[in-house]
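**Q** So the chains spell out like this:
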Amino acid sequence: MNIAVTIDDVARETLPIASEAGPAPKRIVVAYGFWIFLLSDIVMFSALFAAYAALVHATAGGPSGAVLFNQGTAAIETACLLLSSYTCGMMSLSVNSRSRSAVYFFAAVTFALGTMFLALELREFAGMISDGAGPQRSAFLSAFFTLVGCHGLHVTAGLVWLTVMMAQVAVKGLRANVERRLLCFALFWHALDIIWVWLFTVVYLIGVQP
Amino acid sequence: MTDIRFDRAPGDRPILTDREEGTPVGVLVYTIGLVLAVILTATSFWVANTSLIWGPGVPIGLMVLAIAQMGIHLVFFLHITTGPDNTNNVLALAFGILIVLLVVVGSTVIMANLNENLMPPPEVMNLHMQH
Numbered sequence: 005m006n007i008a009v010t011i012d013d014v015a016r017e018t019l020p021i022a023s024e025a026g027p028a029p030k031r032i033v034v035a036y037g038f039w040i041f042l043l044s045d046i047v048m049f050s051a052l053f054a055a056y057a058a059l060v061h062a063t064a065g066g067p068s069g070a071v072l073f074n075q076g077t078a079a080i081e082t083a084c085l086l087l088s089s090y091t092c093g094m095m096s097l098s099v100n101s102r103s104r105s106a107v108y109f110f111a112a113v114t115f116a117l118g119t120m121f122l123a124l125e126l127r128e129f130a131g132m133i134s135d136g137a138g139p140q141r142s143a144f145l146s147a148f149f150t151l152v153g154c155h156g157l158h159v160t161a162g163l164v165w166l167t168v169m170m171a172q173v174a175v176k177g178l179r180a181n182v183e184r185r186l187l188c189f190a191l192f193w194h195a196l197d198i199i200w201v202w203l204f205t206v207v208y209l210i211g212v213q214p
Numbered sequence: 061m062t063d064i065r066f067d068r069a070p071g072d073r074p075i076l077t078d079r080e081e082g083t084p085v086g087v088l089v090y091t092i093g094l095v096l097a098v099i100l101t102a103t104s105f106w107v108a109n110t111s112l113i114w115g116p117g118v119p120i121g122l123m124v125l126a127i128a129q130m131g132i133h134l135v136f137f138l139h140i141t142t143g144p145d146n147t148n149n150v151l152a153l154a155f156g157i158l159i160v161l162l163v164v165v166g167s168t169v170i171m172a173n174l175n176e177n178l179m180p181p182p183e184v185m186n187l188h189m190q191h
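Protein chains in written order, with the numbering used here: chain A, 5 to 214; chain B, 61 to 191.
No wet-lab data here; the hints were simulated from the structure. Ideal Cβ positions, reconstructed from N, Cα and C, are used throughout, including at glycine. Honestly, I wouldn't trust all of these hints.
[Claimed, not checked] Okay, the calculated beta carbon distance ranges per label pair: (1) B/F155 / A/L157: 21 to 31 angstroms; (2) B/G115 / A/P27: 47 to 57 angstroms; (3) B/M123 / A/A83: 16 to 26 angstroms.
[As the list claims (entries may be wrong)] Some chain A residues well away from chain B (every beta-carbon gap over 10 angstroms; in silico): (4) N74; (5) M120; (6) E125; (7) G136; (8) P139; (9) M169; (10) A174.
[As the list claims (entries may be wrong)] Covered by chain A, according to a simulated footprint, are these stretches of chain B (three or more residues, beta-carbon under 8 angstroms): (11) 95 to 101; (12) 108 to 119; (13) 122 to 129; (14) 141 to 152; (15) 167 to 176.
The shape of chain A in the complex, shown without the other chains (with noise of 0.2 angstroms):
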């Protein structure tokens, strides 16, 4: 009994510090409750890269990528999402130094970087599309349009947020709360910027390798 009382004693004095400091601020469980979140979509964007990776060939008679990708479109979308993430980056700085002007600066850049991607795409789609190209050509070209077209949702839905949090930002200031939603719209924004490097890697490059 002496000795399960000793080993107690050295357990509880070699315990780290985190533990004994309670629950760990609200910023920090909320952010990291919403990296599990992206880490998860980002497993469903690896199902659609597979299923788009088994059926790149079944073309079915139709076009296949070589013929249908455009690489100079696939660049400016890349350079539109990559400096958008820069922005946001640069937002997320002017929340913490709380320059509400410079939120709004760079968000304004970052939404408009993204709108300008989003159009490019649903050009790309529109174009697709009308050369009878949709995505009920071909097993490849239903891929294609899913995957993409996921991807493109997940923008929308990242400029619909932006939209609102900037609303938030005017009507309810620079709050906690709303400072931790625009650290999770960050994350969210870089999240889908990796997505897009694979994307234009495994589509728009190895895609159209002869």
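On the provided structure of chain A, position chain B as indicated by the hints.
**A** Structure of chain B alone, referenced to chain A:
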């Protein structure tokens, strides 16, 4: 040991360095990330279009570049680092990568294998075509 050390939220930079050095360091971190990402993206597009590289090696090169760029985004934009206050975030990321690899590699291998083994012989294919 009076300071209470919590884990860091994903997406947060260390609070200490921000307080000591202000936002210019933050701007610098994002700018380094942007420059590296631009270099990697440009390299990807160059690798895909050049004839200098042996053809079958191009997809592997592009994969490596994408993995590198993912790392750049994680470190410079999402601030997921190997610091002790980031262990939870890194562990969650590692689990996510494990599942992603299982799904993608598993599906690709199984589908390629089925494709190879279940392809009907030419005479059966001809029968299918005639009906």
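**Q** Decide, hint by hint, whether the structure agrees.
**A** Results for each hint:
{"no.": "1", "hint": "B/F155 / A/L157: 21 to 31 angstroms", "result": "holds (25 angstroms)"}
{"no.": "2", "hint": "B/G115 / A/P27: 47 to 57 angstroms", "result": "holds (56 angstroms)"}
{"no.": "3", "hint": "B/M123 / A/A83: 16 to 26 angstroms", "result": "holds (21 angstroms)"}
{"no.": "4", "hint": "N74", "result": "holds (12 angstroms)"}
{"no.": "5", "hint": "M120", "result": "holds (17 angstroms)"}
{"no.": "6", "hint": "E125", "result": "holds (17 angstroms)"}
{"no.": "7", "hint": "G136", "result": "holds (24 angstroms)"}
{"no.": "8", "hint": "P139", "result": "holds (20 angstroms)"}
{"no.": "9", "hint": "M169", "result": "holds (15 angstroms)"}
{"no.": "10", "hint": "A174", "result": "holds (22 angstroms)"}
{"no.": "11", "hint": "95 to 101", "result": "holds (count 3)"}
{"no.": "12", "hint": "108 to 119", "result": "holds (count 5)"}
{"no.": "13", "hint": "122 to 129", "result": "holds (count 5)"}
{"no.": "14", "hint": "141 to 152", "result": "holds (count 3)"}
{"no.": "15", "hint": "167 to 176", "result": "holds (count 3)"}
Every hint from the earlier list agrees with this structure, and none is contradicted.
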